[in-house]
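Residues per chain are reported as follows:
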Amino acid sequence: MSRELIEGSAAIAEAAIAAGCRFFAGYPMTPFTEVLEHFARRLPEVGGVCINAESELEAVGMAWGAVSTGARAATGSTGQGLSLMQESFSEITRAELPLVIVNMARGQGDYYQSTRGGGHGDYRHIVLAPIDIHEAVELTQLAFHLADAWRNPVLIYGDYLLAHTYEAVDIRALDFGELPAKDWAVDGSLGGTGHSRSVNPLGFRKGETGVDPDSMWKRLQAKHDAIEREEARCETEFVDDAETVVVAFGSLAKFARYAVRELRGEGVRVGYVRPITLWPFPSQALASACDGAANVAVLEQNAGQMIDDVRLALLGRAPVVAIGEISTDPAGFGVGPLLDPERVRGRIEAVLEAPPGGPR
Amino acid sequence: MSRELIEGSAAIAEAAIAAGCRFFAGYPMTPFTEVLEHFARRLPEVGGVCINAESELEAVGMAWGAVSTGARAATGSTGQGLSLMQESFSEITRAELPLVIVNMARGQGDYYQSTRGGGHGDYRHIVLAPIDIHEAVELTQLAFHLADAWRNPVLIYGDYLLAHTYEAVDIRALDFGELPAKDWAVDGSLGGTGHSRSVNPLGFRKGETGVDPDSMWKRLQAKHDAIEREEARCETEFVDDAETVVVAFGSLAKFARYAVRELRGEGVRVGYVRPITLWPFPSQALASACDGAANVAVLEQNAGQMIDDVRLALLGRAPVVAIGEISTDPAGFGVGPLLDPERVRGRIEAVLEAPPGGPR
Amino acid sequence: MRAIESRGTVTIAKQLCKGCELCIPACPPRVLEMSEAHNEQGFPYPELRPGCTGCGACLLVCPDFCFEVFLYREPVAHEVAP
Amino acid sequence: MRAIESRGTVTIAKQLCKGCELCIPACPPRVLEMSEAHNEQGFPYPELRPGCTGCGACLLVCPDFCFEVFLYREPVAHEVAP
Amino acid sequence: MLTGIGGQGVQLAAQVLARAAVREDRHAIYLGTYGGTMRGGNTDSTLVVGDAPISAPPIVSRTWAALAMHHQFWEPVRDKLRPGGVAMVNSPAFEGELDRERHRVFEVPATPIAAGLGGAMASSLVLAGAFAATTGLVELPSLIEAMRESLPPYRRQHLELNQAALAAGFEAGSPGAAPAWPKNGGAPA
Amino acid sequence: MLTGIGGQGVQLAAQVLARAAVREDRHAIYLGTYGGTMRGGNTDSTLVVGDAPISAPPIVSRTWAALAMHHQFWEPVRDKLRPGGVAMVNSPAFEGELDRERHRVFEVPATPIAAGLGGAMASSLVLAGAFAATTGLVELPSLIEAMRESLPPYRRQHLELNQAALAAGFEAGSPGAAPAWPKNGGAPA
Amino acid sequence: MSRLPVLDTDRPPQASAVKIARDKPDLLLTERHDLCPGCGEPLAMRVLLEAIEELDASRMAIGVVGIGCYTAFSPTMDVDSIQALHGRAPSVATGAKRMRPESLVFTLQGDGDMVNEGLQEVIHTAARGESVTCVLLNNGVFGETGGHMTATTVLGQRTKNSLDGRDAAYHGHPILIGDLLAQLGGTAYAARGAVDDAAGVARAKRMLRRAFQTQLRGEGFSFVEILTMCPTGWFIPTPDGPGYLDEVMGTVHVTGELKAGGKLTTTAELIARRGGREAPTA
Amino acid sequence: MSRLPVLDTDRPPQASAVKIARDKPDLLLTERHDLCPGCGEPLAMRVLLEAIEELDASRMAIGVVGIGCYTAFSPTMDVDSIQALHGRAPSVATGAKRMRPESLVFTLQGDGDMVNEGLQEVIHTAARGESVTCVLLNNGVFGETGGHMTATTVLGQRTKNSLDGRDAAYHGHPILIGDLLAQLGGTAYAARGAVDDAAGVARAKRMLRRAFQTQLRGEGFSFVEILTMCPTGWFIPTPDGPGYLDEVMGTVHVTGELKAGGKLTTTAELIARRGGREAPTA
Ligand SMILES: Cc1ncc(C[n+]2csc(CCOP(=O)(O)OP(=O)(O)O)c2C)c(N)n1
Ligand SMILES: Cc1ncc(C[n+]2csc(CCOP(=O)(O)OP(=O)(O)O)c2C)c(N)n1
Ligand code: SF4
Ligand code: SF4
Ligand code: SF4
Ligand code: SF4
Ligand code: SF4
Ligand code: SF4
Ligand SMILES: [Mg+2]
Ligand SMILES: [Mg+2]
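Residue numbers (the numbering used here), protein chains in the order written: chain A, 1 to 360; chain B, 361 to 720; chain C, 721 to 802; chain D, 803 to 884; chain E, 885 to 1073; chain F, 1074 to 1262; chain G, 1263 to 1544; chain H, 1545 to 1826.
Please note that the accuracy of each hint is not assured.
As the list claims (entries may be wrong) - Below 25 angstroms or equal to it, Euclidean Cα-Cα: the simulated SDA-like pairs (lysine to any residue) are:
1) H/Lys1807 with G/Thr1528
2) F/Lys1153 with B/Arg703
3) F/Lys1153 with B/Gly664
4) E/Lys964 with E/His1042
5) B/Lys578 with A/Glu228
6) G/Lys1525 with H/Gly1762
7) H/Lys1563 with D/Glu835
8) B/Lys566 with B/Trp510
9) B/Lys578 with A/Arg345
10) A/Lys182 with A/Thr236
11) A/Lys223 with B/Glu685
12) B/Lys542 with B/Arg454
13) B/Lys583 with B/Gly625
14) H/Lys1563 with D/Gln817
15) F/Lys1153 with A/Ser215
16) H/Lys1563 with H/Leu1599
17) A/Lys218 with A/Glu228
18) A/Lys206 with H/Gly1700
19) H/Lys1807 with D/Gln817
20) A/Lys218 with B/Ala509
21) G/Lys1525 with H/Gly1700
22) F/Lys1153 with F/Ser1164
23) H/Lys1563 with D/Cys857
24) A/Lys218 with A/Glu208
25) A/Lys182 with A/His134
26) B/Lys566 with B/Leu534
27) H/Lys1563 with D/Pro827
28) E/Lys964 with E/Glu985
29) B/Lys542 with B/Lys566
No lab work stands behind these hints, which were simulated from the structure alone.
These numbers come from a predicted model, not from an experiment.
Excised from the complex, chain A in its bound form:
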């Protein structure tokens, strides 16, 4: 595709298709609906399948089935719809299936849900939070790659702005390197051979009557530890000599970065860190970026969730202050008054002017 004005929702669907995604299932919910609509329009054109599932629970089940056959497949919703899928998310992670999940969230209140796993037990999804459509096109493709590489679900955290902004982007397939063969997938061909396969979250192997969840769960934990070491990503700007570091993610980070650039232009020693992966959280990068900072300001559009991870990364090495807040519109879609360049700049300035430890 050449550079063309495209809605964020469409860009994500196109990027997924460029990455080889051939199955999608979802149920409409603002602001996720258009992602579903674009998949529904485009997948049949490339020989894929999009099902307008009858509910979120059925959507995730369908995606589970599709991804089990080795196909690249995805599902999604808003955070509310994803709440309904939590049992499946937890278990699909145990089944080690490379499902990609799109959360077109209503704001940033789903940070915990995305990064801690809203379901039962110990499991994690890799969470990618693009700042804009351009990055979304890249990260959507990366999501499919990481999912396959780790055999673990990957969640793309977007929001109303990402879904509904139009921008001209160039979408072409990206190459992230080789992947192992999907020698675990079921295609029906191995029955009766004694080597038939099973995709399952219970921790059994074909032919063995017993299950061993303890060691399966521990293996999973070891995998998650490895992901934590290897996959953290973040963007930093002006952090070397920053006295105040602003931390923000996703669409809201665009407001933060804009303000920080403006302030830098005015000579203010302020820096910016944006976790691109919300899990694994880029703790080390954040810690070194904040080395020497007098204040770390966390801008998020919720009651304070990512701030836990910032504090855990810094463990008291710098004062951490919250400069975000819950902020939504009358429809609850997450397009609140905080999403304003001047307001964001004002919040940052308040920290600059305050003594170390912040304005509160």
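Guided by the hints, dock chains B, C, D, E, F, G and H with the ligands onto chain A, whose structure is given.
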């Protein structure tokens, strides 16, 4: 009731009934099933209703309806079943309904789900984690009181051991003080008066066509802040001069406390802290209990979840080491090899012998 | 001149009207017609011509609760151009 | 002495048997009977008496896959006490 | 920024302007928002056009131009309009307050023009056409092509009406009165 | 600790002992666990009885007595048995290894006794009765009352058989051979 | 006719007259709502509230509202209400009814809500014979999210994802929810109405009354489906709504009583009976 | 008879004989399982796997297994399989089939799984006309969790929470899932069998074959319900299982073909037809 050998599951049901609970709905799942069975047997005898719902989603819906009428009502499952209820949990919290939720978890892997809220958006449940049946009888009753006092769901975090241990307990109604009248509940009597009521999670008032989720969510946050200030509870032993403090919750804490008492009996300077409320987490009490400790050891039966809250409470003021692990039995019910007094004692001793910062 | 008789009449809250035109074919004697003018919301709305029977059909099909229906104790006659 | 003819026979994996007795009434000629003895799992199991027809009913109703069924090329006669 | 009442075609107009700008090799980012539920509430959209990749977020605090189809939700938009900015409104329906001292005001009888073409629902496109002509933001052929691309399949029957509306609007504009592309090549926002 | 195969009535036996102890004003805590799925796996139960409230958890590392219905899952239980502890097994079905040097071993033909009463499924209760008699942990009337309380409604038809099994077991025990309540009042575990 | 004078309709008549019908039902706190022009849901809302008034049940009613365009009435209907999540109303109604057995508990749901997201809720509730009334506003689309196909969309119907009409081979078949519910043991009353014309609106009210009476008599579960126009989701002009409803939806989801007084009538029987014309039932 | 000698059954016969039936189906990796004595599920499992073999479909089959006692066969059945969560198998099967249209995709579910937890999954899948086969093992209880009542438990049936039999007034009515599914537009084949005797087992296999053939011919959704004994959950001795199934469950969930070759037969018709005796269908 006089002192009688009773299964944990039954004790919880009896305590709930003593607290005035008159509605329960659930769907069987090990190790929660017996809680449901006891409610099913006992509620009709006291004029209440227990519905063996057709699924967890329907169970939580029924409980939502019952609690909306002003009745004391509860639902429950294991963490896996609760995963299915996450959409409802999030929204029921917004609707400010005093639902009590019983999680007879399969181990301690649901700590995040319980304390961060597995659903979408910013919300919290008060989480009570009894150490044994005796405490469960008290905390179950407290749960109904706190739910009404704060108009917020309260979750009781138990597990296989709590559900299936038999002990002789004395269950009688406890008085936690006055509560405001339920002037928000719907009983059908106000239609046509212009003052009819609505219980809803959308933030509207009867007669107003608009909604205002922003200020509703902020009000909710303020309430949660207040709960955080006022309701944290924990148990401590021997912390005054402890060089090593062991932190554990729920059933596993009984193993920790037993070991700490043994070690103290042998003159070892080890202390013990047990969060009774997992949310709000007793951060201040923990911080002062760990004041001067060379090591803080967190014993939990999962991949490391509560340890986040311990670190957030201490923010680097003492080294925090994990001495727990994922540990389950072949059925995955959470009765793993870690649940052994000598093993737990061994884990604690390893920390005692290690240099500050722990054995790892 | 001739006279047309109305056995009933209606009030129309035209500011509420969204111009859907459902009332037009619903009126058995076809005495409702859409206005040329637009209301504040920018919609045309129905206007009543003589001959209403007070049957209430318009009210039943109006999604915006615009109508009230009255039955005259005595039919009212309107003089109209032939 | 008289002779009873078996047109077929079965093998019974008695260690697998859980003693449910479903095979007993399922056998049309009623040639299966439960043992006095118990297997390693502690269950009684069926024993075959002469007269099997090789119909396979026992196999179809056994939940524990204990049976294999054979049809003799020539019926086999068993001498039995009168 | 463009503002109107839901259903007035404001989003389509904004999208057409954005798409036309991209056709002319500019950079554009456009976001539509709804201020209430889907029906009957206000609908705003923000369009940022520039010569270079746009680092500004899709919601702005200040705007260089404001187009208004209806006065009902005009106030917050007007407050964001920079001194000297362009205010273009749909006369005579528009009854909002205009500050002719601070802003360059243009009144375009968009609804009457569109109604004359047989479809009042194309008024927003008339306004968009007039805006393009007045500011030189984009050319008419780009607008028309952009409109074609922007129409969803279930609106195809409106192609001709929309084209006529854009053309009539372009006609009704005041070319050169408020150039979007100053000599120094800076970006309007 | 009691061990057996699922369905052998081990849990009921343990519960009856616990309930009987409570009837005699002791403190007791009892936990049953299943080592596999619900059917056919091993089933263990742990019973802690004492004179004072019990602060030990319901899973122990060491035990004072072990009752075994079957040898299949005996090993881990035996390993927890303290030196000098009581091992009481269901002979002759039990084929596990017994360390007669370290432990005081009692063999009770529980299944044959129960079968003689008309129901092999009551074997565990025979063993429980014998254990109570041998250790003096609780008296027979308490056991019988405890059994009545422990039966779920759908097992009421077994009341008489169970009662006979407890009595026969109590009869088959060796009173005073391994006293549970030493003079000093310490608690067995 | 257009030469006839326009009469004053801004105020009540001067001549002696009796008001025989009010603009909005008394149980609506305001006549304003933001549903689309030509929407059928407010019509159903009117008769629902009027039926409650007529049975003198206003002060014992509890309405449980699902999520769809009708949710807009949740704040404005003057009866005690519980706002449920999408699909979950029948269970919520169950819990409320069990704790307030003396009240009249009903749900208000759309086809997306009841037949997609929460299909099993209503089936289980009916099978259980819960003494609640479930009311379905069926327009064959998710109106609220933009007019997508639902599980009741009939073959050939236009929706956002079936602009050329629903195609069985690609989109599957519609569910006749009324028939499924009617045959369950716990269902005492089931009927299907439509608001495509004044007679239909009036008939829908009668069905609602019967359903509520069924509940008040404690006979079991009751169900009323009402077909409503959604010109927005069908992508048609508002005046075409009633005709489209009648010709497209109405020939599949045929109106009539499906279960009443212990008698079951299938939709197939209704079709046979009506022989191409309006069913004579109710 | 007991005086007759006991024959050797420990090894194959010495005399010349042909083996006409094997102990376990070839598609089972081991004959061991830990289901209860007298359970009917292994019988259904046998014919399910044999039907696949007989259609020569082993190397194209994908089984999607729900959660219940039958889950024990998930590791031991030698066909490619996906272990789904409780209730979710039909959607999982849908996703798999869509990506592997050439394969034979079936679900294996219990009544708790299919008719309680995931009722709407199977209904939606059928309405959509998905080309998958859903297999229901119906014993009227949650066997796995201890024998509680399900949505198919018939009136009068014993379960853990209906020890005196299911009572309509207190527990509600059973759902005849086969009838609901048969009448949906997307359903091409639906049948109900039982494994209470050898003839029933054999007939169940024929039904499974027809269902699979329906799928392989691409005609739409297919469904086979098999009634199975659960002596444990019914709290009865194992030998009583088949009789209890036949007399209690079998008189309500009557066996027979409910939809085949475009023809719909309701359970009521089957009952009428059989006049108190075994239905002659299939
Ligand atoms: C769990 C969940 N999924 C999706 C949505 C988004 N949603 C809101 S309304 C609606 C469709 C409503 O359709 P219907 O019930 O038919 O009502 P209508 O709008 O047609 O009146 C959807 C999908 C939601 N609110 N909750
Ligand atoms: C979401 C969820 N809820 C509950 C359970 C617990 N559970 C496991 S099996 C089962 C019942 C199975 O019943 P059925 O499908 O009829 O199979 P059966 O055991 O009778 O063969 C239940 C409730 C679960 N695994 N998952
Ligand atoms: S009351 Fe009847 S006759 Fe009068 S305007 Fe209304 S529909 Fe027409
Ligand atoms: S039906 Fe009502 S809203 Fe529609 S045109 Fe007539 S008066 Fe206006
Ligand atoms: S094959 Fe037939 S006759 Fe022979 S034992 Fe089996 S059931 Fe009886
Ligand atoms: S049917 Fe099978 S398991 Fe049951 S008794 Fe007969 S051989 Fe044993
Ligand atoms: S979208 Fe359809 S159902 Fe919703 S308000 Fe508009 S017309 Fe009514
Ligand atoms: S509980 Fe019932 S279904 Fe489960 S294995 Fe036992 S008999 Fe079979
Ligand atoms: Mg609808
Ligand atoms: Mg079952």
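Verification of the supplied hints:
no.: 1; hint: H/Lys1807 with G/Thr1528; verdict: 16 angstroms, holds
no.: 2; hint: F/Lys1153 with B/Arg703; verdict: 13 angstroms, holds
no.: 3; hint: F/Lys1153 with B/Gly664; verdict: 29 angstroms, violated
no.: 4; hint: E/Lys964 with E/His1042; verdict: 33 angstroms, violated
no.: 5; hint: B/Lys578 with A/Glu228; verdict: 33 angstroms, violated
no.: 6; hint: G/Lys1525 with H/Gly1762; verdict: 37 angstroms, violated
no.: 7; hint: H/Lys1563 with D/Glu835; verdict: 22 angstroms, holds
no.: 8; hint: B/Lys566 with B/Trp510; verdict: 22 angstroms, holds
no.: 9; hint: B/Lys578 with A/Arg345; verdict: 22 angstroms, holds
no.: 10; hint: A/Lys182 with A/Thr236; verdict: 36 angstroms, violated
no.: 11; hint: A/Lys223 with B/Glu685; verdict: 15 angstroms, holds
no.: 12; hint: B/Lys542 with B/Arg454; verdict: 17 angstroms, holds
no.: 13; hint: B/Lys583 with B/Gly625; verdict: 43 angstroms, violated
no.: 14; hint: H/Lys1563 with D/Gln817; verdict: 21 angstroms, holds
no.: 15; hint: F/Lys1153 with A/Ser215; verdict: 24 angstroms, holds
no.: 16; hint: H/Lys1563 with H/Leu1599; verdict: 21 angstroms, holds
no.: 17; hint: A/Lys218 with A/Glu228; verdict: 15 angstroms, holds
no.: 18; hint: A/Lys206 with H/Gly1700; verdict: 40 angstroms, violated
no.: 19; hint: H/Lys1807 with D/Gln817; verdict: 47 angstroms, violated
no.: 20; hint: A/Lys218 with B/Ala509; verdict: 41 angstroms, violated
no.: 21; hint: G/Lys1525 with H/Gly1700; verdict: 24 angstroms, holds
no.: 22; hint: F/Lys1153 with F/Ser1164; verdict: 21 angstroms, holds
no.: 23; hint: H/Lys1563 with D/Cys857; verdict: 12 angstroms, holds
no.: 24; hint: A/Lys218 with A/Glu208; verdict: 19 angstroms, holds
no.: 25; hint: A/Lys182 with A/His134; verdict: 30 angstroms, violated
no.: 26; hint: B/Lys566 with B/Leu534; verdict: 36 angstroms, violated
no.: 27; hint: H/Lys1563 with D/Pro827; verdict: 23 angstroms, holds
no.: 28; hint: E/Lys964 with E/Glu985; verdict: 15 angstroms, holds
no.: 29; hint: B/Lys542 with B/Lys566; verdict: 17 angstroms, holds
Hint compliance for this structure: hints 3, 4, 5, 6, 10, 13, 18, 19, 20, 25 and 26 are not met, and every other hint is.
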